[in-house]
Every structure is written in structure tokens, then in C-alpha cells.
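Work out the full structure: start from the sequences and follow the hints.
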Amino acid sequence: GDSVTQMEGPVTLSEEAFLTINCTYTATGYPSLFWYVQYPGEGLQLLLKATKADDKGSNKGFEATYRKETTSFHLEKGSVQVSDSAVYFCALGDMRFGAGTRLTVKP
Amino acid sequence: ETGVTQTPRHLVMGMTNKKSLKCEQHLGHNAMYWYKQSAKKPLELMFVYNFKEQTENNSVPSRFSPECPNSSHLFLHLHTLQPEDSALYLCASSQDQARGYEQYFGPGTRLTVT
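Keeping their order, the protein sequence lines are chains E and Z. Counting from 1, one number per residue, gives the positions in the first sequence under the numbering used here. Counting from 108, one number per residue, gives the positions in the second sequence under the numbering used here.
Honestly, I wouldn't trust all of these hints.
In the DSBU-like style, the derived pairs of lysine-lysine whose C-alpha atoms are separated by at most 30 Å in a straight line are [as the list claims (entries may be wrong)]:
(1) Z:K143 x E:K52
(2) Z:K148 x E:K68
(3) Z:K143 x Z:K159
(4) Z:K126 x Z:K148
(5) E:K106 x Z:K148
(6) E:K77 x Z:K148
(7) Z:K143 x E:K77
(8) Z:K148 x E:K60
(9) E:K60 x E:K106
(10) E:K77 x E:K60
(11) E:K60 x Z:K143
(12) Z:K147 x E:K77
(13) Z:K148 x E:K52
(14) E:K106 x Z:K126
Keep in mind the hints are simulated off the structure, nothing from the lab.
Pasting the structure below:
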């Protein structure tokens with residue numbers, strides 16, 4: 001069946017460091033792909049999405065490209081901030097979520 | 108109010124109690140979802156309603172009973188829960204259940220079963 005595998009955390013970075021969180025998927029067809037973010041004490045909120053191969057989703061400096069050939073949707077940001085500290089979830093369009101990756105950014 | 112709201116935000120209940128969680132969305136969406144989030148497991152989909160009809164029950168024990176009286180409201184009725192049911196229960200909505208629509212989440216209800 002369809003599934004999502006994402007890099008386990010926690011991840012700790014210094015401010016202005018480069019971030020990559022890996023996400024790979026197994027799916028029939030070509031599902032939409034999402035990254036959600038969950039800040040402490042809150043529900044999840046959409047960070048970015050891509051609906052077809054080679055699409056690049058971007059928001060708040062974060063980017064992810066839908067790679068059909070490698071079945072991946074890795075999340076990247078060039079320079080993280082303390083305010084980016086949160087849990088990040090990769091998800092398929094059929095409501096399957098990865099385990100979540102906790103990111104902590106230190107000043 | 109806007110978005111997806113959930114009440115109560117925190118709930119402590121004994122194993123013999125009966126309680127209900129409420130979710131309301133003000134987005135005009137047609138699909139609503141219940142998820143369970145616990146420290147030990149990834150986000151688990153519990154139930155899906157699309158246009159008020161239940162379309163998915165992800166092998167959830169019968170001590171959890173959902174109700175969707177209309178497209179804007181979703182309830183989760185709880186009875187004779189177990190301590191391992193303690194978790195954050197998240198409600199979400201989307202335009203409909205079709206793939207490609209992002210979900211909008213509420214802040215969750217933190218449930219503790221004693």
C-alpha cells in the first residue's frame with residue numbers, strides 16, 4: 001500500500017544553517033505531496049505542496065521538488081531561523097503522513 | 108470565528124466516563140477527519156466523512172464513535188476508554204476527500220484517560 005517515509009529526528013541546527021529533511025514515498029499513480037508544520041501547542045498547518053512531477057512547492061523560504069524518478073519530496077531551506085523550530089510532516093494526498101521530524105534551531 | 112475549532116482543548120476523564128469532542132469548521136469544506144497523535148506513533152487517521160457520509164473507519168475500536176450531523180460539525184463520542192487512548196486528537200477538514208486538497212487542522216484536544 002501507499003506509504004511515506006521521512007527522516008527521523010530530532011534535528012538540531014544553528015541559526016542560518018542549511019536544512020534538509022528527507023521524504024520518500026511509495027504510491028500507486030501520482031499523488032499530490034505535502035509538507036505540513038506543527039508548532040508547539042498547535043495543530044498542523046500546510047507549509048507547501050506539489051501536485052505533479054517536477055513541481056516545486058515553496059513557502060516562507062522552504063522548498064520541495066516532486067521527484068518522480070526517485071519518489072522523493074525532500075524539504076529544504078537555505079537559512080533556518082529560531083522561529084522555524086517545529087515538527088515537520090511529509091504527507092501523501094490520501095491522508096498518509098510520515099512520522100514527523102522535530103527541528104530545533106538554536107541561536 | 109475562522110478556520111477549524113475544537114473543544115474542549117484539554118480533557119481528563121476516567122475509564123468509565125462518557126465524553127464528546129467537538130469540531131467545527133468555518134471554511135465551507137465537505138470533508139472532515141479525525142486523527143490521533145501520540146508520542147509513540149505517527150499521526151493516525153481514525154475516521155473520514157465526505158459530504159456527511161462516513162467513508163473511512165481505520166479499524167478504530169468501538170469505544171470511539173464519530174458523528175457528523177452536517178458538513179460543518181464533527182463529533183467524537185468517547186466511552187469506556189483505556190489509558191493508552193490518552194493522546195492529542197486532531198480534527199481536520201478539506202474541500203473534499205479527493206486527492207490533492209490540502210487539509211486544515213484544528214488545534215487539537217489533549218485527552219488524558221485516568
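Outcome of the hint check:
Proximity of Z:K143 to E:K52 is assessed by CA-CA distance (about 29 Å); at most 30 Å being required, the pair is judged to hold. Distance check on the hinted pair: Z:K148 and E:K68 sit about 28 Å apart at the alpha-carbon level, within 30 Å; holds. At roughly 20 Å between alpha-carbon atoms, Z:K143 and Z:K159 fall within 30 Å of each other, so this suggested pair holds. A distance of roughly 24 Å separates the Cα atoms of Z:K126 and Z:K148; the hinted pair therefore holds under the 30 Å criterion.
Straight-line distance between C-alpha atoms of E:K106 and Z:K148 comes to about 27 Å, which keeps the hinted pair within the 30 Å bound. Among the hinted pairs, E:K77 with Z:K148 is consistent with the structure: their alpha-carbon atoms are about 27 Å apart, no more than 30 Å. With a C-alpha separation of about 29 Å, the suggested pair Z:K143 and E:K77 falls inside the 30 Å cut-off, and the hint holds. Taking the CA atoms of Z:K148 and E:K60, the gap is about 28 Å. The hint holds against a cut of 30 Å.
For the given pair, E:K60 sits about 19 Å from E:K106 by alpha-carbon distance, which is consistent with the 30 Å threshold. With a C-alpha separation of about 9 Å, the suggested pairing of E:K77 with E:K60 holds against the 30 Å cut-off. Using a Cα cut-off of 30 Å, the hinted pair E:K60 and Z:K143 holds, with the two alpha carbons roughly 28 Å apart. Between Z:K147 and E:K77 the alpha-carbon distance is near 28 Å, which keeps this suggested pair within the 30 Å criterion.
For the given pair, Z:K148 sits about 29 Å from E:K52 by alpha-carbon distance, which is consistent with the 30 Å threshold. A hinted pair counts as satisfied when its Cα atoms are at most 30 Å apart, and E:K106 with Z:K126 does not qualify at roughly 41 Å.
Checked against the numbered hints listed earlier, the structure breaks hint 14 alone; every other hint is satisfied.
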